[in-house]
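**Student:** Hey, can you work out the whole structure from these sequences and the hints?
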Amino acid sequence: METAENKQVIFKGYIDGVPKETDMEVKMGSTVELEVVKGSGALLVKNLYLSCDPYMRGRMRQFYGSYIPPFVPGSVIEGFGVSRVVDSDNPNFKTGDLVTGITGWEEYSLIHKTEQLRKIQQDDIPLSYYVGLLGIIPYPFPFLNLSINTQHWKALPSKQDTNVHILMFFSHKD
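All letters in the sequence shown, in the order written, are residues 1 to 174 by UniProt numbering.
Calculated from the structure, these hints are not laboratory results.
Note that beta-carbon positions come from the ideal geometry of N, C-alpha and C, so glycine has one too.
DSS-like cross-link-like pairs, simulated, lysine-lysine; straight-line CA separation at most 25 Å:
| no. | residue 1 | residue 2 |
| --- | --- | --- |
| 1 | Lys94 | Lys38 |
| 2 | Lys113 | Lys27 |
| 3 | Lys113 | Lys46 |
| 4 | Lys46 | Lys94 |
| 5 | Lys27 | Lys46 |
| 6 | Lys38 | Lys113 |
| 7 | Lys20 | Lys7 |
| 8 | Lys46 | Lys119 |
| 9 | Lys38 | Lys119 |
| 10 | Lys7 | Lys94 |
| 11 | Lys12 | Lys46 |
| 12 | Lys94 | Lys113 |
| 13 | Lys94 | Lys119 |
| 14 | Lys113 | Lys7 |
| 15 | Lys27 | Lys12 |
| 16 | Lys7 | Lys27 |
| 17 | Lys7 | Lys46 |
What follows is a list of derived Cβ distance ranges for each label pair:
| no. | residue 1 | residue 2 | range |
| --- | --- | --- | --- |
| 18 | Val37 | Gly17 | 39 to 49 Å |
| 19 | Val18 | Ser66 | 12 to 22 Å |
| 20 | Asp124 | Pro69 | 35 to 45 Å |
| 21 | Gly74 | Gly17 | 18 to 28 Å |
| 22 | Pro91 | Lys27 | 24 to 34 Å |
| 23 | Glu21 | Ser66 | 19 to 29 Å |
| 24 | Lys20 | Gly96 | 36 to 46 Å |
| 25 | Thr31 | Gly74 | 10 to 20 Å |
| 26 | Glu21 | Gln62 | 12 to 22 Å |
| 27 | Gln121 | Met28 | 30 to 40 Å |
| 28 | Gly39 | Pro126 | 35 to 45 Å |
| 29 | Gln122 | Asp16 | 34 to 44 Å |
| 30 | Arg61 | Val26 | 18 to 28 Å |
**Tutor:** Following this line, the structure appears as structure tokens:
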């Protein structure tokens, strides 16, 4: 079975105040099998874009009264992302599909909660938009229907990209 190195961002421990770079660590050297266990219904994805959103600060605290549980110290940080399916044991997803949803801050993620994912229909919209305008806001609100005029956008040239991009979105109060 083929394996690959899986670079990961690990949450070190609960915080007080503003998150710092030292609250996380990049872990190198772990490996992942590039094949999903048959009968698991899971997906293995290669993460292409990851978001860093304001709600994640709350997940770095030891507080359980929220709509989403806190991160677990010593575990991979979770967030919204755009990924390509590497292997699938789920009839709704096939190898090569582009998906968006909750994933790990790592190169490869094994996803069992596939109901949290949405397929992306590749067109001339940049993939990074799915962790921004087309991503987290409409995600918990399936009744929200965004209509986007793409006739003035030009398709970006296709290129092989081996980097994982983390996009940060900030909100502010006037």
